[in-house]
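A.B. asks: Chain by chain, the residues:
Protein chains: 2
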Amino acid sequence: MKRTIINDLSIKNKGESVSVSGWVQKSRRMGSLIFVDVRDVTGIVQLVFSDKGELFKKAESLRNEFVIQSTGKVVERKSKNKNIKTGDIEIICDSLNILSKSSRLPMLIQDDTDALENVRMNYRYLDLRRPVMRDRIIARSNFNKITHDYFNENGFINIETPILTKPTPEGARDFLVPSRVVPGSFFSLPQSPQLYKQLLMISGFDKYYQIAKVFRDEDSRKDRQVEFTQLDIEMSFMSIDEIMNTLEEYVKLVFRKLDNFSGSEKFERISYDNAMNTYGSDRPDTRFNLLLNDGVELFKDIDVNFIKDSISKKKTIKYIKLDKKLSGKDHKELESFVKSHGANGLLFYSFDSSTKNYSGFLSKHITQNEKAYKKFKSNFGENNDYSFLAIIGDWKQTCEQLGSLRLELSNRYLTVDNSLRNFIWVTDWPLFEYDKETKLFSSVHHPFTKPTSETAQYLDTDPAKVRSLAYDIVLNGSEIGGGSLRIHDKEMQYKVFEILGLSKNEIKEKFSFFIDAFEFGVPPHGGIAFGVDRIMQIITDSSSIRDVIAFPKSTSGVAEMEKAPSNMPADLLNDLSIIIKDNVKG
Amino acid sequence: MKRTIINDLSIKNKGESVSVSGWVQKSRRMGSLIFVDVRDVTGIVQLVFSDKGELFKKAESLRNEFVIQSTGKVVERKSKNKNIKTGDIEIICDSLNILSKSSRLPMLIQDDTDALENVRMNYRYLDLRRPVMRDRIIARSNFNKITHDYFNENGFINIETPILTKPTPEGARDFLVPSRVVPGSFFSLPQSPQLYKQLLMISGFDKYYQIAKVFRDEDSRKDRQVEFTQLDIEMSFMSIDEIMNTLEEYVKLVFRKLDNFSGSEKFERISYDNAMNTYGSDRPDTRFNLLLNDGVELFKDIDVNFIKDSISKKKTIKYIKLDKKLSGKDHKELESFVKSHGANGLLFYSFDSSTKNYSGFLSKHITQNEKAYKKFKSNFGENNDYSFLAIIGDWKQTCEQLGSLRLELSNRYLTVDNSLRNFIWVTDWPLFEYDKETKLFSSVHHPFTKPTSETAQYLDTDPAKVRSLAYDIVLNGSEIGGGSLRIHDKEMQYKVFEILGLSKNEIKEKFSFFIDAFEFGVPPHGGIAFGVDRIMQIITDSSSIRDVIAFPKSTSGVAEMEKAPSNMPADLLNDLSIIIKDNVKG
Numbered sequence: 022m023k024r025t026i027i028n029d030l031s032i033k034n035k036g037e038s039v040s041v042s043g044w045v046q047k048s049r050r051m052g053s054l055i056f057v058d059v060r061d062v063t064g065i066v067q068l069v070f071s072d073k074g075e076l077f078k079k080a081e082s083l084r085n086e087f088v089i090q091s092t093g094k095v096v097e098r099k100s101k102n103k104n105i106k107t108g109d110i111e112i113i114c115d116s117l118n119i120l121s122k123s124s125r126l127p128m129l130i131q132d133d134t135d136a137l138e139n140v141r142m143n144y145r146y147l148d149l150r151r152p153v154m155r156d157r158i159i160a161r162s163n164f165n166k167i168t169h170d171y172f173n174e175n176g177f178i179n180i181e182t183p184i185l186t187k188p189t190p191e192g193a194r195d196f197l198v199p200s201r202v203v204p205g206s207f208f209s210l211p212q213s214p215q216l217y218k219q220l221l222m223i224s225g226f227d228k229y230y231q232i233a234k235v236f237r238d239e240d241s242r243k244d245r246q247v248e249f250t251q252l253d254i255e256m257s258f259m260s261i262d263e264i265m266n267t268l269e270e271y272v273k274l275v276f277r278k279l280d281n282f283s284g285s286e287k288f289e290r291i292s293y294d295n296a297m298n299t300y301g302s303d304r305p306d307t308r309f310n311l312l313l314n315d316g317v318e319l320f321k322d323i324d325v326n327f328i329k330d331s332i333s334k335k336k337t338i339k340y341i342k343l344d345k346k347l348s349g350k351d352h353k354e355l356e357s358f359v360k361s362h363g364a365n366g367l368l369f370y371s372f373d374s375s376t377k378n379y380s381g382f383l384s385k386h387i388t389q390n391e392k393a394y395k396k397f398k399s400n401f402g403e404n405n406d407y408s409f410l411a412i413i414g415d416w417k418q419t420c421e422q423l424g425s426l427r428l429e430l431s432n433r434y435l436t437v438d439n440s441l442r443n444f445i446w447v448t449d450w451p452l453f454e455y456d457k458e459t460k461l462f463s464s465v466h467h468p469f470t471k472p473t474s475e476t477a478q479y480l481d482t483d484p485a486k487v488r489s490l491a492y493d494i495v496l497n498g499s500e501i502g503g504g505s506l507r508i509h510d511k512e513m514q515y516k517v518f519e520i521l522g523l524s525k526n527e528i529k530e531k532f533s534f535f536i537d538a539f540e541f542g543v544p545p546h547g548g549i550a551f552g553v554d555r556i557m558q559i560i561t562d563s564s565s566i567r568d569v570i571a572f573p574k575s576t577s578g579v580a581e582m583e584k585a586p587s588n589m590p591a592d593l594l595n596d597l598s599i600i601i602k603d604n605v606k607g
Numbered sequence: 022m023k024r025t026i027i028n029d030l031s032i033k034n035k036g037e038s039v040s041v042s043g044w045v046q047k048s049r050r051m052g053s054l055i056f057v058d059v060r061d062v063t064g065i066v067q068l069v070f071s072d073k074g075e076l077f078k079k080a081e082s083l084r085n086e087f088v089i090q091s092t093g094k095v096v097e098r099k100s101k102n103k104n105i106k107t108g109d110i111e112i113i114c115d116s117l118n119i120l121s122k123s124s125r126l127p128m129l130i131q132d133d134t135d136a137l138e139n140v141r142m143n144y145r146y147l148d149l150r151r152p153v154m155r156d157r158i159i160a161r162s163n164f165n166k167i168t169h170d171y172f173n174e175n176g177f178i179n180i181e182t183p184i185l186t187k188p189t190p191e192g193a194r195d196f197l198v199p200s201r202v203v204p205g206s207f208f209s210l211p212q213s214p215q216l217y218k219q220l221l222m223i224s225g226f227d228k229y230y231q232i233a234k235v236f237r238d239e240d241s242r243k244d245r246q247v248e249f250t251q252l253d254i255e256m257s258f259m260s261i262d263e264i265m266n267t268l269e270e271y272v273k274l275v276f277r278k279l280d281n282f283s284g285s286e287k288f289e290r291i292s293y294d295n296a297m298n299t300y301g302s303d304r305p306d307t308r309f310n311l312l313l314n315d316g317v318e319l320f321k322d323i324d325v326n327f328i329k330d331s332i333s334k335k336k337t338i339k340y341i342k343l344d345k346k347l348s349g350k351d352h353k354e355l356e357s358f359v360k361s362h363g364a365n366g367l368l369f370y371s372f373d374s375s376t377k378n379y380s381g382f383l384s385k386h387i388t389q390n391e392k393a394y395k396k397f398k399s400n401f402g403e404n405n406d407y408s409f410l411a412i413i414g415d416w417k418q419t420c421e422q423l424g425s426l427r428l429e430l431s432n433r434y435l436t437v438d439n440s441l442r443n444f445i446w447v448t449d450w451p452l453f454e455y456d457k458e459t460k461l462f463s464s465v466h467h468p469f470t471k472p473t474s475e476t477a478q479y480l481d482t483d484p485a486k487v488r489s490l491a492y493d494i495v496l497n498g499s500e501i502g503g504g505s506l507r508i509h510d511k512e513m514q515y516k517v518f519e520i521l522g523l524s525k526n527e528i529k530e531k532f533s534f535f536i537d538a539f540e541f542g543v544p545p546h547g548g549i550a551f552g553v554d555r556i557m558q559i560i561t562d563s564s565s566i567r568d569v570i571a572f573p574k575s576t577s578g579v580a581e582m583e584k585a586p587s588n589m590p591a592d593l594l595n596d597l598s599i600i601i602k603d604n605v606k607g
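For the record, the sequence lines run as chains A and B.
My numbering puts the first sequence at residues 22 to 607.
My numbering puts the second sequence at residues 22 to 607.
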């Protein structure tokens with residue numbers, strides 16, 4: 022008899038004979054009856070065994086997670102179970118086939134689990150049986166389908182790019198693969214298909230996409246994976262607005278289909294400078310305010326030497342006003358928080374509207390200085406409690422420190438609506454970042470990002486001033502995609518490499534195939550890479566990207582279940598012309 | 022103005038102003054007019070420049086493969102060009118924007134190329150501009166879409182499995198990836214997601230598919246790639262017929278949509294033994310006959326010592342009858358061909374029906390022996406020319422040698438209809454292959470293949486007798502997919518590992534995570550892996566799988582364009598705790 026998928030069963034099947042297969046979720050004997058909940062990938066249905074013979078004995082032997090196949094007649098259930106889709110019916114069984122038995126389980130197969138992370142990882146095949154995990158993996162499959170549909174319908178061509186490749190300058194460390202054929206040399210695993218997708222544009226494919234595996238040999242960082250998945254997209258002959266619209270429509274579609282998103286207005290665009298000044302972050306969470314404000318004007322009359330000094334030195338002073346009175350203890354905790362992010366301190370006062378009392382370090386400098394007091398009073402009033410928290414320092418660091426504080430304050434004192442989906446584009450990025458220690462420029466995105474036409478002139482004179490045609494898409498404070506128009510002019514590409522400190526020889530060594538291609542007609546092009554794991558984490562409301570990856574690596578980058586990496590026989594390494602360093606071996 | 026895709030243009034656009042972008046295919050001045058063929062990913066259209074001013078000068082400067090954007094009015098063409106889709110129209114241009122220039126090209130951008138393989142590889146982005154190559158890459162994208170649609174519609178879940186993993190026993194050599202985090206240990210790149218997809222079945226996902234990158238560090242073999250693409254599929258709770266039907270419907274759909282296939286009858290199933298006996302191959306090309314026949318009965322009366330001896334020793338004697346007279350020279354060439362495949366010789370005669378003349382080594386032994394002569398005459402008659410070619414030896418080798426000869430004969434003397442699509446299933450494979458030298462059994466497919474219930478009893482007594490529930494799908498002599506039901510019983514899996522010579526410790530070391538999973542309820546399951554590159558090669562009628570891969574490796578396994586693998590700085594290797602062997606370094 023053909024198997025029936027469990028959740029296809031309903032009261033409509035009443036009277037029919039059916040065959041179901043799956044895992045025993047639970048079984049219990051009640052008097053002369055045995056009830057067995059059997060689970061397949063769709064759901065659960067109740068089997069009933071009442072026959073007193075062999076069949077009953079067999080049913081009595083069932084334990085959790087036995088794999089069974091059973092046939093019987095669908096009947097209406099007396100006491101309906103509203104918790105499952107098949108709760109109106111049960112199956113009175115006339116056969117039972119035990120396909121596989123199960124030992125006692127190291128974890129429960131149910132949504133709520135108190136299993137430790139390492140148990141979940143070591144028995145991932147059990148963890149994935151939990152409906153909540155199953156649904157995440159299914160949601161990811163649906164994400165893929167929606168993605169393939171959208172990009173195909175819009176004329177994109179799905180093209181695979183190599184995994185065994187040459188290092189690309191994406192900033193992180195490459196995984197290397199020793200070559201047996203060319204002893205002493207190595208492939209690297211791609212950090213992104215960036216160069217290949219640009220070559221595809223040069224090949225004439227004007228709309229490309231790929232759901233691509235990419236790799237970064239990074240030190241363990243919370244919730245990053247050494248191998249992860251990127252939705253990689255590139256387009257030629259399109260304006261930046263056409264590209265951003267194409268991508269925005271896609272994002273809306275995905276979140277409409279998988280996440281009950283219903284927004285239709287265009288995503289807000291906010292410049293990098295504005296994002297930093299207002300939210301203290303280049304990927305601001307705009308679901309709540311707690312905005313950063315400029316404090317220079319307010320602080321002008323405060324009679325504290327280091328403040329006066331900072332103002333004269335044109336330091337940045339920024340503050341957040343929280344609509345809540347904080348205690349000295351709160352302040353101390355928050356100050357130590359911002360210090361851990363590199364700030365020198367947290368200038369603070371708290372105002373109690375019932376007692377009109379100002380407390381905290383700044384309080385006396387405000388209340389004892391008439392000019393300052395007037396300014397603060399006219400700015401903030403005295404009708405409501407609030408706290409004032411300020412940081413002084415260099416612009417970028419100060420913004421970022423206060424941006425971190427903003428998130429910390431929201432965690433502590435605000436209730437953020439997790440169902441909100443605040444998409445924004447962050448645009449007008451700096452092209453380069455200057456490292457004072459190494460005295461080197463590095464790319465804020467990557468070396469292929471195109472400068473704006475207004476600022477390209479500064480490439481020769483003041484690279485730090487150059488802005489880029491980059492656009493990151495940010496959702497609730499997470500960057501879910503980063504893209505840009507690309508340089509399609511050979512001279513400009515060379516210039517950027519030079520600013521990054523690459524010599525002609527290094528350019529040739531690392532990118533000759535790419536630079537060569539610029540000789541033969543390059544279309545204007547641009548694209549994006551979306552972080553699929555992150556998007557799925559948000560959509561499935563998971564606490565970790567590990568929950569949306571069937572077989573993830575641990576935070577330290579190892580495969581716990583498979584016990585990989587592992588030792589290899591010496592002869593294999595010998596064939597690869599490598600040896601393990603002595604101090605490791607020994 | 023919004024860009025118009027070139028092949029969207031037709032006589033319907035007459036009178037409209039349009040903007041097109043693309044590469045200059047060619048340009049020529051004819052009197053006071055300049056004609057420019059511009060090419061985008063869809064096709065070609067003719068631009069006309071007649072204006073005498075700056076625009077004309079700019080158009081005059083165009084060279085092949087310049088990237089341009091041009092606007093103008095669509096007009097009907099006087100002399101239609103039937104070779105291109107837009108041949109009824111041309112565009113009288115009023116603007117021209119040169120987006121990128123091109124140097125002289127190292128190869129022509131047209132279907133017929135005499136460019137050497139290494140030029141095509143080094144300038145792959147130019148090679149991919151050739152319409153024939155472009156269409157292959159697009160066909161592959163369409164293949165992906167059809168595949169995603171089919172498997173999603175049929176309830177399959179698309180799940181990604183890891184690339185950084187543990188060695189699996191697929192028989193070929195693994196690529197290794199040194200771990201930085203666990204010094205002295207290595208990940209391997211997967212030869213297939215076999216273990217993971219079985220674990221997914223154990224996780225309860227009852228229908229899985231994935232278009233997966235897989236890797237084999239094999240020595241250069243004609244038309245194999247070190248990284249290639251596999252359509253990986255697995256199903257639970259289904260009979261072998263249900264599985265094969267699901268796969269067969271998919272294959273028919275792909276070839277209907279991409280390859281004008283119109284067959285609707287079920288694919289023929291042929292057992293491994295039958296395929297070997299009849300075609301001398303486990304992946305027979307059934308588009309032509311030239312079948313193998315048993316020669317023992319025919320040879321019984323031939324009075325040649327080594328033949329008599331072979332018959333008494335129960336050696337295999339098989340022959341092919343070719344309906345054509347061959348010369349002694351032909352015979353010599355064919356004999357040296359089968360010798361290069363390991364045969365001792367090729368027993369031969371040729372019959373000329375006009376002269377009734379028998380020639381070749383066997384001829385006198387037939388014509389001078391009345392009994393033999395009668396037998397041959399009654400078997401083959403004397404009305405038509407033919408040649409008789411036989412090999413004596415061990416069964417498998419003899420079949421294979423004659424199978425190779427069969428293909429060679431078809432190449433030389435038959436006209437095989439390349440439009441035929443002869444799909445067959447090859448079934449009832451041996452589970453093991455015995456190596457006389459190492460005295461070890463190895464898996465014909467892989468260690469997870471399930472024995473038939475009829476022959477499983479021989480696991481303990483005579484493993485060579487065990488047949489498997491494996492099914493390979495063969496098209497025109499190429500294996501395009503290999504699958505099987507899998508063992509889902511722990512004891513049987515252990516037994517198979519033991520027959521393969523793995524000790525308890527080795528099993529634990531290599532497969533403990535997999536074997537452990539067998540403790541917790543394993544559904545009956547089976548699946549297949551299709552070779553996507555091979556399928557696309559056949560569909561696009563390409564001479565090499567390299568032609569259906571955007572950025573392939575060379576036959577020696579290196580990336581010629583990117584110059585990978587390459588040397589890496591010593592400090593990177595140091596971080597990975599490996600050093601290159603001295604004799605390589607020096």
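Quick caveat, the hints were computed from the structure, so don't treat them as lab data.
In this text, a Cβ means the ideal position worked out from N, Cα and C, and glycines have one as well.
Check the hints yourself; a few may be wrong.
[Said to hold, decoys possible] Heads up, incomplete: computed chain B residues facing chain A, CB under 7 Å, no partners named:
hint	residue
1	Val198
2	Phe534
3	Ser575
4	Thr576
5	Gly578
6	Met582
[Said to hold, decoys possible] Covered stretches of chain A (chain B as the covering partner; in silico rule of three or more C-beta atoms under 8 Å from a C-beta of chain B):
hint	region
7	211 to 222
8	378 to 388
9	571 to 578
10	585 to 598
A.B. asks: Evaluate each hint against the coordinates.
C.D. replies: Hints, verified against the model:
{"no.": "1", "hint": "Val198", "result": "5 Å, holds"}
{"no.": "2", "hint": "Phe534", "result": "5 Å, holds"}
{"no.": "3", "hint": "Ser575", "result": "10 Å, violated"}
{"no.": "4", "hint": "Thr576", "result": "11 Å, violated"}
{"no.": "5", "hint": "Gly578", "result": "5 Å, holds"}
{"no.": "6", "hint": "Met582", "result": "5 Å, holds"}
{"no.": "7", "hint": "211 to 222", "result": "holds (count 3)"}
{"no.": "8", "hint": "378 to 388", "result": "violated (count 0)"}
{"no.": "9", "hint": "571 to 578", "result": "holds (count 5)"}
{"no.": "10", "hint": "585 to 598", "result": "holds (count 11)"}
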